Amino acid sequence: MNPVVRNIPNALTVVRALLIPAIVYAYAQDAPGPSVSAAALFVAAALTDFFDGIIARRLNAQTEFGRWVDPVVDRAFYFTTFSMLWYLGTLPLWAVLPLLLRDGIMLVMALPVRMFTRFGPNVSRWGRAATTTLICSIFCFLIDLRTIGWVLLAVGGTLYVGSALLYLVRGVRMLREGRAA
4 MNPVVRNIPN ALTVVRALLI PAIVYAYAQD APGPSVSAAA LFVAAALTDF FDGIIARRLN
64 AQTEFGRWVD PVVDRAFYFT TFSMLWYLGT LPLWAVLPLL LRDGIMLVMA LPVRMFTRFG
124 PNVSRWGRAA TTTLICSIFC FLIDLRTIGW VLLAVGGTLY VGSALLYLVR GVRMLREGRA
184 A
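Okay, so the sequence shown: first residue is 4 according to our numbering, each after it adds one.
Hints in this document: simulated from the structure, not taken from any laboratory.
Predicted, not measured: the structure shown is a model, and the values here were computed from it.
Backbone N, C-alpha and C fix where the C-beta goes; we use that ideal spot for every residue, glycine too.
Be careful, since some hints might not be right.
Stated by the list, open to error - Computed beta-carbon distance windows for the label pairs:
(1) Ala-47 with Arg-176: 30 to 38 angstroms
(2) Pro-35 with Glu-180: 23 to 31 angstroms
(3) Val-164 with Trp-71: 22 to 30 angstroms
(4) Leu-96 with Val-7: 40 to 48 angstroms
(5) Leu-168 with Ala-43: 29 to 37 angstroms
(6) Arg-61 with Thr-135: 17 to 25 angstroms
(7) Val-18 with Arg-149: 36 to 44 angstroms
(8) Val-126 with Val-18: 18 to 26 angstroms
(9) Pro-37 with Ala-98: 30 to 38 angstroms
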């Protein structure tokens, strides 16, 4: 495979990582009110997350870098965004704390699963649904559509925490099987 094509998903992951501080800066200029610039940067970053996975799977362009770095950048992206919304007064701590704890647990679990098994857990439909719903929720908060944002946050947050429990069960199972093999 062409090395340029093979590294497109990795480049998208790096772009997403670079957009994180830009989103925070843009939103800090307008917070806690609407920020079109932060919303546009957020959508661009979310789209890189969507497309890097599609390209990697469809073109069989998965790399070791992507297997390790993409999930870390994903967690950093959402962790930072929720932290920003709390810190800048858009959301209360009680609303973001379960999501932040979920991402912290996911990061802690990812390392042993990756170290002691050949693969990490695949993203579940519940995880994808949670992430998509939370992306829509964050977007709504960034453009100050708070009522819709709260509804989406309640649904997405529930799915997000529930999917973490599924990943935790899978991760423990993979660790047991990986160490036994």
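Quick check on a hinted range of 23 to 31 angstroms for Pro-35 and Glu-180, using CB atoms only. violated, 47 angstroms
Lying within 30 to 38 angstroms: is that true of the beta-carbon distance Pro-37 to Ala-98? violated, 19 angstroms
Just to be sure I understand the hint, the distance between the Cβ atoms of Leu-96 and Val-7 should be within 40 to 48 angstroms; is that true here? About 44 angstroms separates the Cβ atoms of Leu-96 and Val-7, which means 40 to 48 angstroms holds.
Pairwise beta carbon distance, Ala-47 to Arg-176, judged against the given window 30 to 38 angstroms: Roughly 36 angstroms apart at Cβ, these two residues keep to the hinted range, so it holds.
Are Val-18 and Arg-149 spaced within 36 to 44 angstroms by their CB atoms? violated, 29 angstroms
Taking the beta carbons of Arg-61 and Thr-135, is their distance inside 17 to 25 angstroms? Holds - the Cβ-Cβ distance for Arg-61 and Thr-135, about 19 angstroms, lies within 17 to 25 angstroms.
Just tell me: holds or violated, for the beta carbon distance of Val-126 and Val-18 against 18 to 26 angstroms? Since the Cβ atoms of Val-126 and Val-18 sit about 20 angstroms apart, the hinted range of 18 to 26 angstroms holds.
Return holds or violated for the Cβ distance of Val-164 and Trp-71 against the range 22 to 30 angstroms. holds, 24 angstroms
Looking only at beta-carbon atoms, does the pair Leu-168, Ala-43 fall within the given range of 29 to 37 angstroms? Once the Cβ atoms are compared, 34 angstroms apart, the range 29 to 37 angstroms for Ala-43 and Leu-168 holds.
Violation of the numbered hints given earlier is confined to hints 2, 7, 9; the remaining hints are satisfied by the structure.
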